[in-house]
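Visitor: In the order they appear, the protein sequences are chains A and D. For the first sequence, position 49 (counting from the first letter as 1) is numbered 48 according to numbering that gives the first Met the number 0, and the numbering increases by one without interruption. For the second sequence, position 211 (counting from the first letter as 1) is numbered 210 according to numbering that gives the first Met the number 0, and the numbering increases by one without interruption.
There may be inaccurate statements among the hints.
Unchecked claim - Ranges between beta-carbon positions, derived for each pair:
| hint | chain 1 | residue 1 | chain 2 | residue 2 | range |
| --- | --- | --- | --- | --- | --- |
| 1 | D | P432 | A | E170 | 34 to 40 Å |
| 2 | D | D425 | A | E170 | 53 to 59 Å |
| 3 | A | Q207 | D | P361 | 47 to 53 Å |
| 4 | A | G564 | D | V441 | 55 to 61 Å |
| 5 | A | E76 | D | P432 | 48 to 54 Å |
| 6 | D | A351 | A | P28 | 45 to 51 Å |
| 7 | D | D3 | A | P28 | 38 to 44 Å |
| 8 | A | P28 | D | N55 | 19 to 25 Å |
| 9 | A | G601 | D | L267 | 31 to 37 Å |
| 10 | A | E170 | D | A147 | 26 to 32 Å |
Claimed, not checked - From chain D, some residues computed to sit far from chain A (all C-beta separations above 12 Å):
| hint | residue |
| --- | --- |
| 11 | I11 |
| 12 | L60 |
| 13 | I123 |
| 14 | Y184 |
| 15 | M189 |
| 16 | E349 |
| 17 | D425 |
To be verified - Computed footprint of chain D on chain A, listed as stretches where at least three residues anywhere in the stretch have a Cβ under 8 Å from a Cβ of chain D:
| hint | segment |
| --- | --- |
| 18 | 310 to 321 |
| 19 | 599 to 607 |
Hints were generated in silico from the structure; no laboratory data involved. Built from N, CA and C at the ideal position, the CB exists for glycine as well.
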Amino acid sequence: MVEFAMNHTWLVPLLPALSFLIIIFFTRPWPRLSSTVSIAFMLSSFAVATLAAYGVFTDAQFKHEPLVYAIRWFGMEGLNIDVGVLLGPSSAMMIFMVTLVASLIQIYSTGYMKGDPGYSVFFSYLSLFAASMLGLIISSNLLQLFVFWELVGLCSYLLIGFYTHKNSAREAAKKAFITTRIGDFGMLLGMLAIQIIFGTLNLYELGQIMPNFEDYTTAGMMTLIAVLLFIGPIGKSGQFPLHVWLPDAMEGPTPVSALIHAATMVVAGVYLVGRTMFLFVEVESAMYLIAVVGAFTAFFAATIAVTQREIKRILAYSTVSQLGYMMLALGVGSLTASFFHLWTHAFFKALMFLGAGSVLHALHHKADVWDMGGLIKKMPITGWTFVIGGLAIAGIPPFAGFWSKDEILLATFNEGHYLLFTLGAVTAFLTAFYIWRMIFLTFFGEEKPDNHPHESPLSMTIPLIVLAVMATVGGLIGTPMNPHWQEWIFFGESHHIVPNIPIMLVSIALAAAGIGLAYVLYIKDRNKANVKDLAIRFKPVYTLLYNKYYMDEMYLWFNHKVVDGSARMTHLFDIYVVDGIVNGLGAVTKGTGGILRYTQNGKIQSYALVFFLAVLVITILLAFNDTTSMALVLGGVSK
Amino acid sequence: MPFDISLLTVEIILAALGLAILVMGLIIPSNTKRGLGPITVIGLIAALASAIATWNVQGSLFEGMFLVDQYATFFKITCLSAAVLVTFGCMKYVDQMKAQGEYYSILVFSVLGMSVMASAGDFITLFIGLELMTIAFIILVALNKRSAKSAEAGIKYVILASISSAALLYGLSLVYGMSGTIMIYDVARMVVGGSVSPLFVFGLVLLVAGLGFKISTVPFHMWSPDVYEGAPTPVTAFLAVGSKAASFAILLRLFMGGFIGVAETWVLLVAILAAMSMVIGNLLAIPQTNIKRMLAYSSIAQAGYILVGLVAATEAGVKGVMFYSFLYVFATMGAFVVVTAVYDKVKSDEIADYAGLAQRAPLLAVVLTISMLSMAGIPPLAGFAGKLYLFKAIIADYFWLALLGLIMSMISVYYYLRVCLVMYRDEPIDNTPIKTSGNVTVVLVVAMIATIILGIYPGPLSEVTNTAASTFFLH
Chain A
0 MVEFAMNHTW
10 LVPLLPALSF
20 LIIIFFTRPW
30 PRLSSTVSIA
40 FMLSSFAVAT
50 LAAYGVFTDA
60 QFKHEPLVYA
70 IRWFGMEGLN
80 IDVGVLLGPS
90 SAMMIFMVTL
100 VASLIQIYST
110 GYMKGDPGYS
120 VFFSYLSLFA
130 ASMLGLIISS
140 NLLQLFVFWE
150 LVGLCSYLLI
160 GFYTHKNSAR
170 EAAKKAFITT
180 RIGDFGMLLG
190 MLAIQIIFGT
200 LNLYELGQIM
210 PNFEDYTTAG
220 MMTLIAVLLF
230 IGPIGKSGQF
240 PLHVWLPDAM
250 EGPTPVSALI
260 HAATMVVAGV
270 YLVGRTMFLF
280 VEVESAMYLI
290 AVVGAFTAFF
300 AATIAVTQRE
310 IKRILAYSTV
320 SQLGYMMLAL
330 GVGSLTASFF
340 HLWTHAFFKA
350 LMFLGAGSVL
360 HALHHKADVW
370 DMGGLIKKMP
380 ITGWTFVIGG
390 LAIAGIPPFA
400 GFWSKDEILL
410 ATFNEGHYLL
420 FTLGAVTAFL
430 TAFYIWRMIF
440 LTFFGEEKPD
450 NHPHESPLSM
460 TIPLIVLAVM
470 ATVGGLIGTP
480 MNPHWQEWIF
490 FGESHHIVPN
500 IPIMLVSIAL
510 AAAGIGLAYV
520 LYIKDRNKAN
530 VKDLAIRFKP
540 VYTLLYNKYY
550 MDEMYLWFNH
560 KVVDGSARMT
570 HLFDIYVVDG
580 IVNGLGAVTK
590 GTGGILRYTQ
600 NGKIQSYALV
610 FFLAVLVITI
620 LLAFNDTTSM
630 ALVLGGVSK
Chain D
0 MPFDISLLTV
10 EIILAALGLA
20 ILVMGLIIPS
30 NTKRGLGPIT
40 VIGLIAALAS
50 AIATWNVQGS
60 LFEGMFLVDQ
70 YATFFKITCL
80 SAAVLVTFGC
90 MKYVDQMKAQ
100 GEYYSILVFS
110 VLGMSVMASA
120 GDFITLFIGL
130 ELMTIAFIIL
140 VALNKRSAKS
150 AEAGIKYVIL
160 ASISSAALLY
170 GLSLVYGMSG
180 TIMIYDVARM
190 VVGGSVSPLF
200 VFGLVLLVAG
210 LGFKISTVPF
220 HMWSPDVYEG
230 APTPVTAFLA
240 VGSKAASFAI
250 LLRLFMGGFI
260 GVAETWVLLV
270 AILAAMSMVI
280 GNLLAIPQTN
290 IKRMLAYSSI
300 AQAGYILVGL
310 VAATEAGVKG
320 VMFYSFLYVF
330 ATMGAFVVVT
340 AVYDKVKSDE
350 IADYAGLAQR
360 APLLAVVLTI
370 SMLSMAGIPP
380 LAGFAGKLYL
390 FKAIIADYFW
400 LALLGLIMSM
410 ISVYYYLRVC
420 LVMYRDEPID
430 NTPIKTSGNV
440 TVVLVVAMIA
450 TIILGIYPGP
460 LSEVTNTAAS
470 TFFLH
């Protein structure tokens, strides 16, 4: 069984892709049947993924050599593209995590989307989304990966804009698609350069070639490739400055947000950088760029999250911030820490998004946290699982997030990036604060009289419970006492980081301080005047943060003034120069066409004339080089 | 060498089928003649199956006049696939012409001609095959007796085809006179390098003209828009695919098999003809308002792309031609079967009458769109893979031609998408849905799936064409 799963890992993306086709072409009119098909295929995919992952993690040979098998997609001299499976510890971990989270989200959706007119279509898109992400994970070739990368982008567009009747949803879908496209373009250029310089896009082969690549003349080119390739993840993983689409992506139905923010899409960028780590470690400046972008994004997004009011928007900025952590870890060279955080984050973030969905479901889509309060009494399962998620993301031991975040901070510290470490530590404090601000306002404090919350159905609460369990114990596989994770998932050599007790204590203290401050401000002293004045006293800062540093406005301004302005200038150029040339060409073409059409007059005589004239002209031209042959042809056969 | 009659299986099946249908068409009552279509399809499928079954068979008959190799078999499979699709997809059209016996038997004879052409090892066999096919097509083009346009097209085709045959025959005789042999591969042994006799060059030019007429390359293309427009649509479809594929088979066999030693005399000429076909075909397709005429110009441009494979004059070029010819079957058949189906209801071939087709018949609109996008070379459709192989074969030596091909492909997107725009954006004048019969649906779905699959996963066909191309130079 395990053997079969490992040799047929392509079934993992194929099964959900098939369920997409089945739903779209056959079962669409029957919603219940469609969701059953979708979940059944997703669970089978989960089973295959689990078996394959089991096979990888029980055989020590895979620590260093991944299992690779591929078929030729198309080939010709100088360009051979394979499609296949690259199954190593990282991809095994990823397919297990993605299939698990996607299955839970699909089960949850049966409750959340109940009665929606687009129920079947929704499930087909969810399946396609999962299939694209899974295909991306197991790709053995960069081009193959890019195809799935684009499919992920397409699915996010379809799902974010799922409520097509809402203008904001349509706008958000377009924004997500266009913003990530900017990144994709950079990535495509990077891939082309790789193909040109290294002659292959096969990930395994590239991993073998790159460390031994001695041609120093291409050092500048390597930097260019690394930066271009990194633009893709900046777009996809919502890093500064292309993060603007991610918070808007919550316009989609909540299960979609959970899927985008936790398991698919956004982690694709982190995964790509991890997969092509062999390239980035060759270019020190690129690594530093990644680290700085990551750390800055983490801090920047956390500050925005502090002031937001909508529950999903807070979570969205928290995702941006957590992705920054993952990038930071990659930038300081710790694939281990980055993927560890990716793993734990998937569970607690899916948990919190689905929990938020459950709250919205109960409150009929009232989204402002200030309108909520005391929900934990009426919604105990949602509430307590959410609290677990909050403890995990804040970094309270022994919950999952603590271990992975600690690993990142430790790696940053050990690499000597003290400034980035400080940013990371401050972000840890902010994270604990804004998440617990949200939890206190939503689930504790006074109940609001006009809310009539009720606990969600089992189909929604069971996934929450499973995710809460994972968010609690998911980090225990990588603790200093039990460093299994560090033994398996690494780049280069596995280095077991010695636990640094002071750093651990600092991060616990910061998390506790964040939660404590939130408690004081939003529960204990909530009604005291000086607390209420806080926002007023710091109004400029508050406004700046609440408006997300006016990033969207800046982009708009840039668009209106710079792009439109230069467009107006180029418009003139367009009218007089380009149009002139084009119209000129058009006139020539038309003129030629006119003349040619004149020859096409329907008369056989002229057709035959053209035929023989052509023969004559060609013969003369061919014979022109050679005077004798010309004489022969023109003058008949007379020597 | 023992005479192995099994090498002729495909031809024997076709000849028997053609004769049987001809006789049946004469003796059975006219109200049962509808049954001839399915019989033809079954017979053609049998021939196709035997061609596929004998894929690995190699051999020759009549001292090398009739060659059986994978190259020949591949083109037989291509032409037979086209014949099956066009017969199965256009039965209703033929029933309305009320000439089933003649149509089906002559169609089968034309396939026989193509099959002989693919296997021709010398000038005589080549010419017999070519004439069998051409004469069959002359009858088919003029078959719609009630249509003046069809008759006009027939007259034009008969006169111009005879001119081209005359040129071809003259060319063959000159080449024979200069080389002293009629066996194609023996010519290669006689003319290797050195200075070439001017009369031999003149012969080559006449051969290019004669075969250029068949594949409708500029400047020997003048007949094709008029004939394509006037002929019954199924005939146009088969003329555009089968006749072209078989003529390309001959063209490659002659020039790359026989005249490869003097390639420098004709490569540039072929390159220029390819370039002219791309440019003129695409530019003249733009102003067309009749879809059959537009597809005729588009097929001139397609001939230009395929000629690129001959310019390469390498195994990679042969492979590109084979690959493109095969995918071209599905794209063209898809498009023309849609045209037939629409004509059946709308009684018009004007592009303007395709308005709102997406609402009236979504399948027809989708298939036409995919077929045309494949012709334009948009990934992930088959045409993209085909162009990739063709242009890759020449990009090192004829960069300008590859670049021109890409630019012209871009221009072609314009007139293809214009049709899509009419189909999807414009409101239909008449809202009644266009129903397609079961067999048409099958053909359309097959064509569409083949176009998509060959584009997404070209690997297997690429391997097949690679091996077939490698047998080409073995003789």
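Visitor: Evaluate each hint against the coordinates.
Guide: Results for each hint:
no. : hint                          : verdict
1   : D/P432 <-> A/E170: 34 to 40 Å : holds, 35 Å
2   : D/D425 <-> A/E170: 53 to 59 Å : violated, 28 Å
3   : A/Q207 <-> D/P361: 47 to 53 Å : holds, 49 Å
4   : A/G564 <-> D/V441: 55 to 61 Å : holds, 57 Å
5   : A/E76 <-> D/P432: 48 to 54 Å  : holds, 49 Å
6   : D/A351 <-> A/P28: 45 to 51 Å  : violated, 36 Å
7   : D/D3 <-> A/P28: 38 to 44 Å    : violated, 58 Å
8   : A/P28 <-> D/N55: 19 to 25 Å   : violated, 48 Å
9   : A/G601 <-> D/L267: 31 to 37 Å : holds, 33 Å
10  : A/E170 <-> D/A147: 26 to 32 Å : violated, 57 Å
11  : I11                           : holds, 36 Å
12  : L60                           : holds, 34 Å
13  : I123                          : holds, 23 Å
14  : Y184                          : holds, 24 Å
15  : M189                          : holds, 19 Å
16  : E349                          : holds, 18 Å
17  : D425                          : holds, 23 Å
18  : 310 to 321                    : violated (count 0)
19  : 599 to 607                    : holds (count 6)
When each numbered hint is compared with the structure, violations occur for hints 2, 6, 7, 8, 10, 18.
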